[in-house]
Amino acid sequence: MVAAVSSSTKLFALQRFPSLPSYLISAKTIIFPARRRLGFFFRGCRCGGGSGHMVMEARTVVNDRIDITEKEDKIFRRLLDVVDQFKLNTQLRVAGAGFEIRDKDYHTERDNMLGREFCEKISEYLQSVGEEEHGKAVIPSNPDQSKHLETARMRIYDTWIDFVNLRSETYAENSRIPTMKFGTAKQDAFRRDLTINRYSGSEGWVYCNSLPPRETFLDDPLRVLRAIRFGARFKFKLDEDLREAASSEEVKEALMNKISRERIGHEVDLMISGNQPVMAMLHILELKLFDAVFTCPENPQPEVVEGCERFCISYLDAAWNVLQLINPSLFDDEQRRIYFYAALFLPLRNVVYMDNSKKIAVTSFIIRSSLKLKTNDAEMVSALHLAAERFLSLILLMESDKESVSSEIKLQDDFLNIPPTSAKRVLAGMLLREIKTYWRVALLISTLLYSIPINAGNSLINESERRKEIFIKVEKTICDLGLDNIWKMKPLLDGRAIMSVLQLKGGGPIIGEWQQRMLKWQLVNPKATEEECIDWMKQSQVCQSCIIPATLYLWSIAPQNSSKL
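If you count by this note's numbering, then the sequence shown holds residues 1 to 565, one letter each, in order.
Hint data in this document are derived by calculation from the structure and do not stem from the laboratory.
With a straight-line Cα cutoff of 30 angstroms, these simulated BS3-like cross-link-like pairs (lysine-lysine) come out:
(1) Lys71 x Lys87
(2) Lys258 x Lys374
(3) Lys71 x Lys136
(4) Lys527 x Lys473
(5) Lys490 x Lys476
(6) Lys258 x Lys235
(7) Lys237 x Lys252
(8) Lys490 x Lys473
(9) Lys538 x Lys488
(10) Lys505 x Lys538
(11) Lys468 x Lys235
(12) Lys473 x Lys436
(13) Lys490 x Lys520
(14) Lys258 x Lys186
(15) Lys374 x Lys488
(16) Lys490 x Lys436
(17) Lys372 x Lys237
(18) Lys359 x Lys372
(19) Lys374 x Lys358
(20) Lys436 x Lys374
(21) Lys476 x Lys436
What follows is a set of in silico ranges between Cβ atoms, one per label pair, in the way DEER data are often shown:
(22) Asn376 x Lys488: 15 to 25 angstroms
(23) Pro300 x Gln515: 32 to 42 angstroms
(24) Glu379 x Ser314: 20 to 30 angstroms
(25) Gln515 x Glu249: 51 to 61 angstroms
(26) Glu513 x Leu396: 25 to 35 angstroms
Only a predicted model underlies this, so the values are computations on that prediction, with no experimental measurement involved. All C-beta atoms, glycine included, are put in the ideal place defined by N, C-alpha and C.
Please model the complete structure; the sequences and the hints are all you need to start from.
Quick look at the structure:
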């Protein structure tokens, strides 16, 4: 993905070599005949690893060519047309936003123009040729939150492209905000956050760039989380000097006080959604940043036990292992993401705090306030925790293979005659109606809470296999009972119809109680009609009118004859 001026330009990109197992960060010179087929031959240098030091090693890459797509050709020629039209004395450099040469996003740099100024020239060009803009935005700098560079974005041929200028930075004494000015490609490269590299046959490493790690992290503490994210993503080790600086109290304080919670949450979300969430959380733990990233409210009840973060990661690890055994594609991306958050915070599922005399789950505080993620994320994680606890009773019932309901199973209805053979269907159906499409997620989380007997020959693999067996067995039972999509089952009677059958003048809680009772009845009688439901409800009302006075009488005599009850 390259744009160029006249005969040549430089591409700062990430290239994958067929002979190497991973990627190299490289600076390449690209020979580009402006009006010929676009293909590129590279030569340049690479950043190499060592014992905690960055090594620049000259290297010539021979017979390495990338042929760009027709769409990329159109994008690059459009950018060159803008340069030619306005006779701009600027050089464009283009890089992908990921580790693939051909990625979703493009990042374009100029050596003597602001990105916003170049976007304005693109707008002028489009107007001159009678074309419309399809999207443009400017993301301003925010030095207080360590975002020092303004970024302009523009949509060209249905592709969003970022435009920034090459820059150098200088720091005044006692100031964390740099003075920005146009820089050379070399100056811009040396102020980059990190170097990520692996030679053939060796381990991969993540380093800080030219500045010492402490200085780099105090300048922008978010770089710590970026280093963790990329290290986990590519299974690379973090350089020892980087680890030492990242785990210092000074950097930890800077991360908590200097970086917005939104930016921290965004990095964490990328880790959880990535390919190695467990490794990323382990890095956070080992660098002593867990409580800085996942802050808790004051005075939680009960008090969070010391070392709880290790239990959090243990649950996340167990969740990862069992999902890999069952099927990594069992959930869609959003379900997978919520699944890992729910597993990570499983040890905190019963911890609350008081907010204006109201009990709030600590997990909700972490997700909404500490990470600034969506309210729906917090609600879904709490719902999964509750559903997982309820699934435990269902697992015990289904594991028993019995057709009777044990004394521990509570159907919460004294006036509904549920046959023992229908207990599983009613319990599972009511639970699935609450959790809906996330029921498999809740079921898999509940297997993490299920007690696996420990013996001398037991191992983590055996535990994961056992959880897999439980999940598959319960899932099959639920599907065999015809309960998948049961939340789409419509009640036979609405609130007004129930009021009419029961001859009630007003609504109130009693309508809700009968609605729940009716849903259970429908689960027992899946083929019943509306008329049959009305007959059942009338009969139940007669029975209930007889039972209630007797119940009140028992309550009235309870204090005098408690020993007889």
